[in-house]
Amino acid sequence: MKLYRDLTIRQKQIAWAWAFLAIPVLFYGIIRFYPTGNAILISFQDWNLLGARTWTGLENYEKLFADPVFWKVFRNTFVYLLLGTPISLVISFVIAYHLDKTRFLHGFLRMLYFLPFMTSAVAMAWVWRWFYQPVPIGLFNNFLASLGIAQINFLNSTTNALPSILAPAVWAGLGFQIIIFMAGLRAIPRSYYEAARIDGVSSWTVLWEITLPLLKPTIVFIVVFSSIGFLRIFDHVYNMTTQNPGGPLNSTKPLVLMIYETAFSSFDMGYAAAQTVVLFLILLAVSLLQLRILRDR
Amino acid sequence: MKLSRMRALALASATSVAALVGSAANAVEIEYWQYFFDARVTAMEQLIENFQAANPDITVKMTHFPYADYRTKVAAAIPAGEGPDVVQLFYGWLNDYVQAELIQPLPADVFPAAEIDEQFFPMVQAMKDGDQYWALPTAVRSLALFYNERLLDEAGVEPPTNLEELVSVAEATTKRDGAGNITQVGLTAGMTAQDHHWWREVLVRQFGGEPYLDDYRTVNYNNDAGIAALEFYADLFMGDTPVTAIGFMDEPQAAFKAGRAALHIDGSFRIGALADIRGLKWGVVELPAGPDGTESNYSSYWVNAITTKAEGEKYDAAVKFMEYITSDEAMQIWLDVVGELPAKPSVGMTEANANDPVFGPFIRGLEYAHTTKFVDESAQRQLMVEAVERMQLQGMSAADSLAVAAEAEQKLLDEYYND
Chain A
1 MKLYRDLTIR QKQIAWAWAF LAIPVLFYGI IRFYPTGNAI LISFQDWNLL
51 GARTWTGLEN YEKLFADPVF WKVFRNTFVY LLLGTPISLV ISFVIAYHLD
101 KTRFLHGFLR MLYFLPFMTS AVAMAWVWRW FYQPVPIGLF NNFLASLGIA
151 QINFLNSTTN ALPSILAPAV WAGLGFQIII FMAGLRAIPR SYYEAARIDG
201 VSSWTVLWEI TLPLLKPTIV FIVVFSSIGF LRIFDHVYNM TTQNPGGPLN
251 STKPLVLMIY ETAFSSFDMG YAAAQTVVLF LILLAVSLLQ LRILRDR
Chain B
1 MKLSRMRALA LASATSVAAL VGSAANAVEI EYWQYFFDAR VTAMEQLIEN
51 FQAANPDITV KMTHFPYADY RTKVAAAIPA GEGPDVVQLF YGWLNDYVQA
101 ELIQPLPADV FPAAEIDEQF FPMVQAMKDG DQYWALPTAV RSLALFYNER
151 LLDEAGVEPP TNLEELVSVA EATTKRDGAG NITQVGLTAG MTAQDHHWWR
201 EVLVRQFGGE PYLDDYRTVN YNNDAGIAAL EFYADLFMGD TPVTAIGFMD
251 EPQAAFKAGR AALHIDGSFR IGALADIRGL KWGVVELPAG PDGTESNYSS
301 YWVNAITTKA EGEKYDAAVK FMEYITSDEA MQIWLDVVGE LPAKPSVGMT
351 EANANDPVFG PFIRGLEYAH TTKFVDESAQ RQLMVEAVER MQLQGMSAAD
401 SLAVAAEAEQ KLLDEYYND
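Protein sequences appear in the order of chains A and B.
Mapping the first sequence onto our numbering, position 80 (from 1) lands on 80, and the numbers just tick up by one.
Mapping the second sequence onto our numbering, position 313 (from 1) lands on 313, and the numbers just tick up by one.
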């Protein structure tokens, strides 16, 4: 107590600040940074979850880079990212832009778009999985069959499966992005639009010169956010291909699913940790790159 | 006054502590862990009740949790001195548990190896190391051919007994729409379900091969027998008149449940799920025999073992409990409640059980069943799934596709056994 009494006001403030900060610091330290550090450690070890951990040096990384499945999965992960992010960005902006101008049933429409985001990804993935089935149970193929059109192999195909899984994932994320875009649109001062109207500028120019530049922070946020989401895609893929996860022939397998399988079905924790470290580095690089490119200069 | 009250309090608490310790010495509590599956939990509750009635000084506490968390929890609990004294594990995990020193061998005086060799079905010997057993099952599972009675009657055919009949019955019961799309399959197919076991342990043997050598350490199906077996299997859905389709109605068992499949190969664990389907009349026969009459089957099982955590009186109690859950009585209860087959011929091959219309074919199958020693079952299954996919989606020949699978599987086996 005496020690505390002797402190200056400034020192007391610092002591209190740290006392309050201690909770988040401890939280981050124990819940986030400790496991992260541990994962990096395990990536240099061999561990089957039951026995002792043994040091193996870089063996897990060597195995990873020599594994053709890893490179296939690496490619898939970037296909999810490079298709998913731009497509969902454009669609959500178009919808938000028009929804913002719509007065009729505005709240109801907004709810309809937001609803998929609130739905459990697992339930949604299973429903879509059944939509995609061949006859006699698949909705899409039954429709095609009733028109006399040949069947489309949605999921049992090395080329169609990835886009088929990506589609509901994009759809599910739209609601959130639309809401963010609408908030961004509302934040643009009306006076700019009024000034543009007085000057008699075309609506295309208004969009290009006023709306989009002022939406830049929103776009940066959505791009970073959805990129991380697509790089970490798992639920949709796993649930739409449960019996043959990431199949057929690994054509839909993203990195996270590979990590999950290595860890919790093959129990090769060291190898899984090495994959996790690689994923972490990819996420870090992609996020830094995007922040750099899209930052205000 | 105050002092005496305190003394009385101290005395009272001392006696109650002594009483607690005393009662703990008489009543041992041991813990039993298994994964959650409704019927298994019910059966185990019954077994525990009977066991406790016979051994009033022992209480057994059962803990169960989802299959997905099972291994992680067991692995974390036992080294920490927590968790089960008796644990249930899949036969394929035994090596990992032994190497991690999570379980201890069963005492040879209570479980003499020679006696067990004689009393249990032969595949249980995979649990033996030298002259002692590490673990023992209460029940085992095998495969059989389920058939839809209504669909077979409609087509006027009898349940098949060999592969030739299997194909002809499947052809007779397959239905197509105007565009040639299959709307009802004669036989379900999918390596993701039980077919990889059927192919590995049954078809390969029936076409004259032996899937593995050296106690399942060497892949031996990359030869004429293996190719013939794979071609036979692939012809079912890739031939000129396919009788099935991969992924038909999403899952083989779903198609059979929905009455859209005439024949379906599955394990004895499916009996319970099918019994409740309204309007589905089904029967079971043994797996079809091969071209030269060879019969084979695949069997798997869950075993119970004593963990390294059990010591002293808990160990003695655990041994008693193990004795009970591997007894004839326990096996019959397990069969009646869960539908899993007794691990001893003396229980399984009784007149009533072996001639049971539902359990009979499974139990008879046990006599010629093989148990694959998997090192990573899901990874090894995946290789079979991909062998078929390479043929179907990439047009690879059976021989080439099988060679890729064999090489990959050998690599998996080598990695495991050379560690």
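A hint or two may mislead.
Calculated pairs, SDA-like style, for lysine to any residue (alpha carbon to alpha carbon, straight line, at most 20 Å) [claimed, not checked]: (1) A:K63 <-> B:K373; (2) B:K411 <-> A:E59; (3) A:K72 <-> B:K373; (4) B:K373 <-> B:D96; (5) B:K175 <-> A:G148; (6) B:K73 <-> A:N48; (7) B:K257 <-> B:K373; (8) B:K411 <-> A:T211.
Some chain B residues judged to face chain A by a derived CB distance under 10 Å, without partners named [claimed, not checked]: (9) T72; (10) T183; (11) D292; (12) R390.
Hints are computed from structural coordinates only; laboratory data are not their basis.
Just so we're clear, the structure is a prediction, and the values are computed from it rather than from any experiment.
We treat Cβ as the ideally placed atom computed from N, Cα and C, and that holds for glycine.
Hints, verified against the model:
1. The straight-line distance between the Cα atoms of K63 of chain A and K373 of chain B is roughly 25 Å, outside the 20 Å bound, and the hint therefore fails.
2. Pair hint K411 of chain B plus E59 of chain A holds up; C-alpha atoms about 16 Å apart against a cutoff of 20 Å.
3. In summary, the hint linking K72 of chain A to K373 of chain B is not supported, as the alpha carbons are separated by about 30 Å, beyond the 20 Å threshold.
4. About 13 Å separates the Cα atoms of K373 of chain B and D96 of chain B, which keeps this hinted pair within 20 Å; it holds.
5. Pair hint K175 of chain B plus G148 of chain A holds up; C-alpha atoms about 18 Å apart against a cutoff of 20 Å.
6. Restraint check: the Cα-Cα separation between K73 of chain B and N48 of chain A comes to about 13 Å, which is no more than 20 Å; the hinted pair holds.
7. A distance of roughly 30 Å separates the Cα atoms of K257 of chain B and K373 of chain B; the hinted pair therefore is violated under the 20 Å criterion.
8. Simply put, K411 of chain B and T211 of chain A have alpha-carbon atoms about 58 Å apart, too far for the 20 Å limit, and the pair is violated.
9. Nearest Cβ of chain A to the Cβ of T72 of chain B: about 6 Å, under the 10 Å cut. The hint holds.
10. Restraint check, T183 of chain B versus chain A: the minimum CB separation of about 5 Å is within 10 Å; hint holds.
11. About 33 Å separates the beta-carbon of D292 of chain B from the nearest beta-carbon of chain A, more than 10 Å, and the hint is not met.
12. Taking 10 Å as the C-beta cut-off, the interface hint given for R390 of chain B holds, the closest approach to chain A being about 7 Å.
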